[in-house]
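Student: As a plain string of letters, each chain reads:
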Amino acid sequence: MATTVAPPPRAGKTESYVDNKRKDDIRMSNIKAARAVADAVRTSLGPKGMDKMISTASGEVIITNDGATILNKLDVLQPAAKMLVELSKSQDVVAGDGTTTVVVIAGALLKQCQTLLRSGIHPTVISESIYKASVKAVEVLTAMAVPVELSDRESLIKSASTSLNSKVVSQYSSLLAPLAVDSVLSVVDPEKPDLVDLRDVKIVKKLGGTVDDTELVKGLVFDKKVSHAAGGPTRVENAKIAVIQFQISPPKTDIEQSIVVSDYTQMDRILKEERSYILNMIKKIKSTGCNVLLIQKSILRDAVTDLSLHYLAKAKILVVKDVERDDIEFITKTLNCLPIANIEHFRAEKLGFADMVEEMSVGDGKIVKITGIKDMGRTTTVLVRGSNQLVLDEAERSLHDALCVVRCLVNKRFLIAGGGAPEIELSRQLGAWSKVLHGMEGFCVKSFAEALEVVPYTLAENAGLNPIVIVTELRNRHAQGEINAGINVRKGQITNILEENVVQPLLVSTSAITLATECVRMILKIDDIVTVR
Amino acid sequence: MAVEKLFKDEATEEKGERARMASFVGAMAIADLVKTTLGPKGMDKILQSTGRGHSVTVTNDGATILKSLHIDNPAAKVLIDISKVQDDEVGDGTTSVVVLAGELLREAEKLVGSKIHPMTIISGFRMAADRARKALLDRVMDNKDDAEKFRSDLMRIAMTTLSSKILSQDKEHFAKLAVDAVMRLKGSTNLEAIQIIKKAGGSLKDSFLDEGFILDKKIGLGQPKRIENANILVANTAMDTDKVKIYGARVRVDSMAKVAQIEGAEKEKMREKVQKIIGHGINCFVNRQLIYNFPEELFADAGILAIEHADFEGIERLALVTGGEIASTFDNPESVKLGHCKLIEEIMIGEDKLIHFSGVEMGQACTIVLRGASFHVLDEAERSLHDALCVLSQTVNDSRVLLGGGWPEMVMAKAVDELARKTPGKKSHAIEAFSRALIAIPTTIADNAGLDSAELVAQLRAEHHKEDSNAGIDVITGTVGDMSELGISEAFKVKQAVLLSATEAAEMILRVDEIITCAPRRREDRM
Numbered sequence: 001m002a003t004t005v006a007p008p009p010r011a012g013k014t015e016s017y018v019d020n021k022r023k024d025d026i027r028m029s030n031i032k033a034a035r036a037v038a039d040a041v042r043t044s045l046g047p048k049g050m051d052k053m054i055s056t057a058s059g060e061v062i063i064t065n066d067g068a069t070i071l072n073k074l075d076v077l078q079p080a081a082k083m084l085v086e087l088s089k090s091q092d093v094v095a096g097d098g099t100t101t102v103v104v105i106a107g108a109l110l111k112q113c114q115t116l117l118r119s120g121i122h123p124t125v126i127s128e129s130i131y132k133a134s135v136k137a138v139e140v141l142t143a144m145a146v147p148v149e150l151s152d153r154e155s156l157i158k159s160a161s162t163s164l165n166s167k168v169v170s171q172y173s174s175l176l177a178p179l180a181v182d183s184v185l186s187v188v189d190p191e192k193p194d195l196v197d198l199r200d201v202k203i204v205k206k207l208g209g210t211v212d213d214t215e216l217v218k219g220l221v222f223d224k225k226v227s228h229a230a231g232g233p234t235r236v237e238n239a240k241i242a243v244i245q246f247q248i249s250p251p252k253t254d255i256e257q258s259i260v261v262s263d264y265t266q267m268d269r270i271l272k273e274e275r276s277y278i279l280n281m282i283k284k285i286k287s288t289g290c291n292v293l294l295i296q297k298s299i300l301r302d303a304v305t306d307l308s309l310h311y312l313a314k315a316k317i318l319v320v321k322d323v324e325r326d327d328i329e330f331i332t333k334t335l336n337c338l339p340i341a342n343i344e345h346f347r348a349e350k351l352g353f354a355d356m357v358e359e360m361s362v363g364d365g366k367i368v369k370i371t372g373i374k375d376m377g378r379t380t381t382v383l384v385r386g387s388n389q390l391v392l393d394e395a396e397r398s399l400h401d402a403l404c405v406v407r408c409l410v411n412k413r414f415l416i417a418g419g420g421a422p423e424i425e426l427s428r429q430l431g432a433w434s435k436v437l438h439g440m441e442g443f444c445v446k447s448f449a450e451a452l453e454v455v456p457y458t459l460a461e462n463a464g465l466n467p468i469v470i471v472t473e474l475r476n477r478h479a480q481g482e483i484n485a486g487i488n489v490r491k492g493q494i495t496n497i498l499e500e501n502v503v504q505p506l507l508v509s510t511s512a513i514t515l516a517t518e519c520v521r522m523i524l525k526i527d528d529i530v531t532v533r
Numbered sequence: 001m002a003v004e005k006l007f008k009d010e011a012t013e014e015k016g017e018r019a020r021m022a023s024f025v026g027a028m029a030i031a032d033l034v035k036t037t038l039g040p041k042g043m044d045k046i047l048q049s050t051g052r053g054h055s056v057t058v059t060n061d062g063a064t065i066l067k068s069l070h071i072d073n074p075a076a077k078v079l080i081d082i083s084k085v086q087d088d089e090v091g092d093g094t095t096s097v098v099v100l101a102g103e104l105l106r107e108a109e110k111l112v113g114s115k116i117h118p119m120t121i122i123s124g125f126r127m128a129a130d131r132a133r134k135a136l137l138d139r140v141m142d143n144k145d146d147a148e149k150f151r152s153d154l155m156r157i158a159m160t161t162l163s164s165k166i167l168s169q170d171k172e173h174f175a176k177l178a179v180d181a182v183m184r185l186k187g188s189t190n191l192e193a194i195q196i197i198k199k200a201g202g203s204l205k206d207s208f209l210d211e212g213f214i215l216d217k218k219i220g221l222g223q224p225k226r227i228e229n230a231n232i233l234v235a236n237t238a239m240d241t242d243k244v245k246i247y248g249a250r251v252r253v254d255s256m257a258k259v260a261q262i263e264g265a266e267k268e269k270m271r272e273k274v275q276k277i278i279g280h281g282i283n284c285f286v287n288r289q290l291i292y293n294f295p296e297e298l299f300a301d302a303g304i305l306a307i308e309h310a311d312f313e314g315i316e317r318l319a320l321v322t323g324g325e326i327a328s329t330f331d332n333p334e335s336v337k338l339g340h341c342k343l344i345e346e347i348m349i350g351e352d353k354l355i356h357f358s359g360v361e362m363g364q365a366c367t368i369v370l371r372g373a374s375f376h377v378l379d380e381a382e383r384s385l386h387d388a389l390c391v392l393s394q395t396v397n398d399s400r401v402l403l404g405g406g407w408p409e410m411v412m413a414k415a416v417d418e419l420a421r422k423t424p425g426k427k428s429h430a431i432e433a434f435s436r437a438l439i440a441i442p443t444t445i446a447d448n449a450g451l452d453s454a455e456l457v458a459q460l461r462a463e464h465h466k467e468d469s470n471a472g473i474d475v476i477t478g479t480v481g482d483m484s485e486l487g488i489s490e491a492f493k494v495k496q497a498v499l500l501s502a503t504e505a506a507e508m509i510l511r512v513d514e515i516i517t518c519a520p521r522r523r524e525d526r527m
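Protein chains in written order, with the numbering used here: chain S, 1 to 533; chain Z, 1 to 527.
A hint or two may mislead.
[To be verified] Partner residues are not named here, just some residues of chain S that face chain Z (Cβ under 10 Å, in silico): (1) Val148; (2) Gln245; (3) Val261; (4) Asp355; (5) Met356; (6) Leu465; (7) Ile529.
[As the list claims (entries may be wrong)] With a straight-line Cα cutoff of 27 Å, these simulated DSS-like cross-link-like pairs (lysine-lysine) come out: (8) Lys353(Z) with Lys199(Z); (9) Lys366(S) with Lys218(S); (10) Lys284(S) with Lys202(S); (11) Lys258(Z) with Lys89(S); (12) Lys321(S) with Lys342(Z); (13) Lys272(S) with Lys202(S); (14) Lys218(Z) with Lys297(S); (15) Lys412(S) with Lys337(Z); (16) Lys353(Z) with Lys412(S); (17) Lys353(Z) with Lys89(S); (18) Lys225(S) with Lys202(S); (19) Lys176(Z) with Lys136(S); (20) Lys132(S) with Lys176(Z); (21) Lys412(S) with Lys426(Z); (22) Lys284(S) with Lys205(Z); (23) Lys284(S) with Lys240(S); (24) Lys132(S) with Lys353(Z); (25) Lys342(Z) with Lys198(Z); (26) Lys89(S) with Lys218(S); (27) Lys353(Z) with Lys240(S); (28) Lys333(S) with Lys225(Z); (29) Lys115(Z) with Lys144(Z); (30) Lys353(Z) with Lys218(S); (31) Lys52(S) with Lys491(S); (32) Lys314(S) with Lys286(S); (33) Lys273(Z) with Lys15(Z); (34) Lys283(S) with Lys272(S); (35) Lys273(Z) with Lys337(Z).
In short, the hints are calculated from the structure, not lab data. Predicted model only: the values in this text are computed from it and were never measured. Quick reminder that beta carbons are idealized off the backbone N, C-alpha and C, glycines included.
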């Protein structure tokens, strides 16, 4: 990245600002590097933003529009540039969406800071002023926001589709948006209505079909085959499901052991014993009425052997093997059952019940679906389909963003207009506020206000509109009191963006502003890069 | 006539003037490096690691910067050491001490240049430091008896310490956190009872103090998520199997059934172990090592909350705060000390689930949960908070308080100046120089804030010429202000440590007249 920028022209020393050249250079080169990062993702902002193709070191190709993903794959070395990458990650953690916006805002702020520094304002003064401005900005945004109820499914869908519209999968937003809303709402615990754990929404990707075939499954989906040895069942109704963490295979001790075989008859006997050992286990399993087994993967020894699979098939038990240990919690939560770690503990009360467990052919692979679960836990599974791996991955990322958007709304139930409207409004109100401030502060706040215009400007630019015309028009409309006027990218003009159903959660906007400010302040305060061990 | 060769190859020797120069230059370079981080408007540094991952740290903490530097100059190393000692002893003032030592050396260099013997300088410095300390003692305030006032003193100190750090925007919030945490300790300086947990997400303002202990772990499957009046057994034991540790031990059997028997026996052993553990009458079991599925299920069946893989520090602290002991054998339930707490429950912070122990035995214990945008912010916030906590816990013991904002330096400088005037002989030059070095600290603070330092310091000096002035630099407005009104305070202990250790370090470096670099130890040629 732009680590080798030429030193910028040195601004004249002012009376009050005593600093030496090296420190200035470091600050400037940090700013330049960070801005270069921001410029790299700028074109992917907005519904008509472009995608980036990233080919990783391992030769893998990723096509994405998601700021966090792009930045994550960039191998930046310059420390300040790294901070911008971190910034995008934080936005991803906090809000899940707006990862490009936050970087673009930070870039614009840095550009303004550069001008301010050149005119000899002390970095800490700038830093404090923009902090004040950001606090004010959050106030303004909060005042603009419209409250939303979780029962208002329409509004939730609108905001999810706004997020999806800027992605590769935008043409499917009408399908994915309700899906995201439903899946989040179904995992909200009525006892703790403000908390959503997105880990309760599992996304299973399966190649084949199109994104259209993506569906929400009320139940569980495994991207695995049912084991087919010896013609076991692939479809079980009224399933009694056991999640087991032990192995149905010949015993193995932790202590090293060897079986001494001294003659041929003994060998025969050992084989027989092995068989009866396994058969015994299966009998125990069968006696509880269990007819579906989910077997945890084992690293110590084979979880199942051909022999045990054979017997299980004979006993008409459907087997799904190699379930990861990490997934066990999700599965047991969904099935409302307990994992069983020892054959001795295999009791009927630890089983889970479902109407239907079946194997289905999907594309070229197979999946196992468990539906109609009795007393199902608060989890959902989304089965994402796509015609190729690239689309599939991007669909997953987009869906994640949409899920996060809905989650934001659950956390903080306010909506705000999209399409650059809040940014212009902020810019206008902060601009007005800056006039009542004194001295340097006012000057810095004004620059902050100007920096925010970058969002509508870039939106317009990416949509192929004339940014200057659009932004001035927007300013004009906002001055006349139309606080929700924004860029309608589809129509290529300015409309009341709330009526166009372009909405986003308040949390996304506020966290973008506060995080970007925090990051810029940090960069400003740095005056030296020290190489250490 | 000359001795041919005194040292080994590659060993170098620098003598007299050159040696002294080398140490002056090195020490001053270090002081200049951290100088810009001093004061509320000090700047930060990026520490870029050359190691793997090129990890980046952004910090304002003098000790952290110095600790991670590559340094070859011996005198510079002395300064780094005093910064470290300052960090260990009082926790704050790590930058000030280095800056002061650097300034003392800068002055000493001039004196040496004008042919004053280093020993004279040293004795002058000693007298000056002594006088300066007395001056501080005269002006010190002690509000120990008045709980209300003492608390407000602590708040002020915490805010002053934090104002130069990343937490400055929310300093009131964090000062309150820190003071609350330290007050809970009731005079002990055992900061281990204060746990700091960092969780990305949210903003710094969302950080909070929690009365109790938080463990960043998950509760096992199917186990109760909430326990009241918990009896906790903290253990460090293998919960997979008790392996025979003798190398090469193996069992020979001649049939499958016997293998199964052994396996069964192993399971049985585990079950016994679990039964023994349960036999302690506990309802919460915390183990440092993994708990495998099998025992986990046994615990779940017994309705016991089992937490696996708690890190070492985690269990030690847990044992400390719940009043238990870490056990690794379970044969004598009566000899094992169990920990107790009122309530264990699962809580969510940000996106993560954590286990919260409240109402613990050791009432002092508490946890500060830091939230912040990124790891840079969190790490720096932790360092800053640590500084504040150290200073506060020191102040609780030694409740003497001074004003801040360059005030103590001016008071000392004035006293030292007076001493210089009274002292006959060459020493007075050194004493004068000492006072100049002290004034360098407010000068640096003003410089860093982008203020006109010459003007401000002159004004300050005039103010301090009056008796009992409270004047110091008000960095926010850029003027000379009354420090007691602005509520800027510092702990006496910190200032005293800065003064004394900086003087000592300067003295040590001044005494040097020869640097011998030993020949590097030769590596054995393995080629």
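Student: Run every hint past the structure and note whether it holds.
Tutor: A quick look at each hint next to the structure:
{"no.": "1", "hint": "Val148", "verdict": "violated, 21 Å"}
{"no.": "2", "hint": "Gln245", "verdict": "holds, 4 Å"}
{"no.": "3", "hint": "Val261", "verdict": "holds, 7 Å"}
{"no.": "4", "hint": "Asp355", "verdict": "violated, 24 Å"}
{"no.": "5", "hint": "Met356", "verdict": "violated, 25 Å"}
{"no.": "6", "hint": "Leu465", "verdict": "violated, 33 Å"}
{"no.": "7", "hint": "Ile529", "verdict": "holds, 4 Å"}
{"no.": "8", "hint": "Lys353(Z) with Lys199(Z)", "verdict": "holds, 11 Å"}
{"no.": "9", "hint": "Lys366(S) with Lys218(S)", "verdict": "holds, 18 Å"}
{"no.": "10", "hint": "Lys284(S) with Lys202(S)", "verdict": "violated, 32 Å"}
{"no.": "11", "hint": "Lys258(Z) with Lys89(S)", "verdict": "violated, 56 Å"}
{"no.": "12", "hint": "Lys321(S) with Lys342(Z)", "verdict": "violated, 42 Å"}
{"no.": "13", "hint": "Lys272(S) with Lys202(S)", "verdict": "violated, 43 Å"}
{"no.": "14", "hint": "Lys218(Z) with Lys297(S)", "verdict": "holds, 21 Å"}
{"no.": "15", "hint": "Lys412(S) with Lys337(Z)", "verdict": "violated, 46 Å"}
{"no.": "16", "hint": "Lys353(Z) with Lys412(S)", "verdict": "holds, 20 Å"}
{"no.": "17", "hint": "Lys353(Z) with Lys89(S)", "verdict": "holds, 20 Å"}
{"no.": "18", "hint": "Lys225(S) with Lys202(S)", "verdict": "holds, 18 Å"}
{"no.": "19", "hint": "Lys176(Z) with Lys136(S)", "verdict": "holds, 24 Å"}
{"no.": "20", "hint": "Lys132(S) with Lys176(Z)", "verdict": "holds, 22 Å"}
{"no.": "21", "hint": "Lys412(S) with Lys426(Z)", "verdict": "violated, 72 Å"}
{"no.": "22", "hint": "Lys284(S) with Lys205(Z)", "verdict": "violated, 57 Å"}
{"no.": "23", "hint": "Lys284(S) with Lys240(S)", "verdict": "holds, 14 Å"}
{"no.": "24", "hint": "Lys132(S) with Lys353(Z)", "verdict": "violated, 33 Å"}
{"no.": "25", "hint": "Lys342(Z) with Lys198(Z)", "verdict": "holds, 24 Å"}
{"no.": "26", "hint": "Lys89(S) with Lys218(S)", "verdict": "violated, 31 Å"}
{"no.": "27", "hint": "Lys353(Z) with Lys240(S)", "verdict": "violated, 30 Å"}
{"no.": "28", "hint": "Lys333(S) with Lys225(Z)", "verdict": "holds, 13 Å"}
{"no.": "29", "hint": "Lys115(Z) with Lys144(Z)", "verdict": "violated, 48 Å"}
{"no.": "30", "hint": "Lys353(Z) with Lys218(S)", "verdict": "holds, 25 Å"}
{"no.": "31", "hint": "Lys52(S) with Lys491(S)", "verdict": "holds, 25 Å"}
{"no.": "32", "hint": "Lys314(S) with Lys286(S)", "verdict": "holds, 11 Å"}
{"no.": "33", "hint": "Lys273(Z) with Lys15(Z)", "verdict": "violated, 70 Å"}
{"no.": "34", "hint": "Lys283(S) with Lys272(S)", "verdict": "holds, 16 Å"}
{"no.": "35", "hint": "Lys273(Z) with Lys337(Z)", "verdict": "holds, 18 Å"}
This entry does not satisfy hints 1, 4, 5, 6, 10, 11, 12, 13, 15, 21, 22, 24, 26, 27, 29, 33, going by the numbered hints stated previously.
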